[in-house]
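Asks: Take a look at the letters that make up each chain.
4 protein chains.
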Amino acid sequence: MRLRVRYNECDPMGVVHHGSYASWLEIGRTELLRAAGVSYRAMEEAGVFLVIVKLSIRYKRPARYDDEIEVLTKAVRGSRVKIDHEYEVFKVSADGSRELCVTAETTLACVDGTGHVRELPTWLQG
Amino acid sequence: MRLRVRYNECDPMGVVHHGSYASWLEIGRTELLRAAGVSYRAMEEAGVFLVIVKLSIRYKRPARYDDEIEVLTKAVRGSRVKIDHEYEVFKVSADGSRELCVTAETTLACVDGTGHVRELPTWLQG
Amino acid sequence: MRLRVRYNECDPMGVVHHGSYASWLEIGRTELLRAAGVSYRAMEEAGVFLVIVKLSIRYKRPARYDDEIEVLTKAVRGSRVKIDHEYEVFKVSADGSRELCVTAETTLACVDGTGHVRELPTWLQG
Amino acid sequence: MRLRVRYNECDPMGVVHHGSYASWLEIGRTELLRAAGVSYRAMEEAGVFLVIVKLSIRYKRPARYDDEIEVLTKAVRGSRVKIDHEYEVFKVSADGSRELCVTAETTLACVDGTGHVRELPTWLQG
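Going line by line, the protein sequences match chains L, Y, V and S. Heads up, the first sequence is in our numbering, so the first residue is 3 and it goes up one at a time. Heads up, the second sequence is in our numbering, so the first residue is 3 and it goes up one at a time. Heads up, the third sequence is in our numbering, so the first residue is 3 and it goes up one at a time. Heads up, the fourth sequence is in our numbering, so the first residue is 3 and it goes up one at a time.
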């Protein structure tokens, strides 16, 4: 998944604000699902919600406004009710070389429309 | 209504990003309602939603990280289904003097939970 | 310019928060410059900054999470120190049909690194 | 440090978006410094920048629009170049009772204006 850094995602130091990465990881998860043929929006419309219960980010190197970014997302572990992802966020140079900016991990839990824990759809269980 | 500029509300120029003001105006409206004894959250829970149909902002002077900000909000016009507000956003110095950063206007329409236009509660009509 | 609505750009009503459009308009301007062979990041590195002095948005129809969005941006007027843009923001259906969500206008002024008004680069003057 | 949840900090599930907490933790750090008599803005103006190298958040319970939030921040460890903080984020009911929504930890490193690691000011060293 590729994106370009937006002006308002950067802070007065001139680099991407550390909080901006959370939304990129979320896009990474959405696109991973889409690549598997699933729309997260359709999941929600069917009453299956994935909520984040744990987020961990390590910042290695800053990215800047207008940098091209690549987010690699993989599902690494799952149970009947939870799923873990790992991420690598790179900035991509004009010559195609990549530098690692951030690594991250999340744990998601599956809940229904009232916020109660429910089983993940079978195909998402680890 | 007073607030302090957050780091992530500023951009690489070191000033408040122009998009950040929209959320401050929204807080101004919420607090104007609260001062009138009404919770906008309770309004929504009762199925009355105010949606923005027009927003206009003029930027006079930049504000910066950690500046103290004052938002003056007033309801200026209303009809059975719409309400207009005007805003002045100041930065407040340590000595209490104020400089005008932004003026703005919004028009809100009243809708129900399905997005259809409905009448404003009587006490909000102009 | 196309993008997909992010989860955190939507609000509890389930639609794109009105403030989220400001960053999309900004991307529209950046990509308009890029299409003309200019990087706004390079302009800033050369000490030429474009700051927004006026923003006006009319909201016609809501967009939702995961909608595909198209932003049409055009430069409509200019002087030695200012430039005006107009925008149309559409949501694009799977069948390619488009619905107008938002129209907007901005006025940008040109300043130097210290915030003082300066002339626009000649090629940007109207 | 207390704040009220903003409308645009919430997502289509009707709860605070998980990414919104990062800016609240940042305010917690700023106010902890201010309580110690130090302005982070003044630190930056003196060429001392604190950049985040690690962020970890555990989400226990959702918060909602207009909830009153309390952020408890404490510095727990330090070295010559790094400082660790721990956080607890509560929602506060009208009767003053508190429920724990989030716990978090960050590690900050000290850099100069060019992004190179430098020693923390002596009074910040652990």
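Quick caveat, the hints were computed from the structure, so don't treat them as lab data. Where hints are given, some of them may not hold.
No copy is singled out in the list; a pair is fine if it fits within one copy or between any two copies.
Listed next, the in silico SDA-like pairs over lysine to any residue satisfying Cα-Cα at most 25 Å (straight line) [said to hold, decoys possible]:
no. : residue 1 : residue 2
1   : K93       : G80
2   : K84       : L126
3   : K84       : G98
4   : K76       : S22
5   : K62       : M45
6   : K56       : R100
7   : K56       : I29
Asks: For every hint, state whether the structure bears it out.
Replies: Consistency of the hints with the structure:
1. K93 - G80: neither (29 Å within a copy, 30 Å between copies)
2. K84 - L126: within (9 Å within a copy, 39 Å between copies)
3. K84 - G98: Classified as neither: same-chain Cα gap 35 Å, cross-chain 33 Å, threshold 25 Å.
4. K76 - S22: Both ways: K76 and S22 sit 20 Å apart in one copy and 24 Å across, limit 25 Å.
5. K62 - M45: Answer is between; shortest inter-copy Cα gap is 23 Å, intra-copy 34 Å.
6. K56 - R100: between (27 Å within a copy, 21 Å between copies)
7. K56 - I29: both (17 Å within a copy, 21 Å between copies)
Violated hints, in rising order: 1, 3; the structure is consistent with all others.
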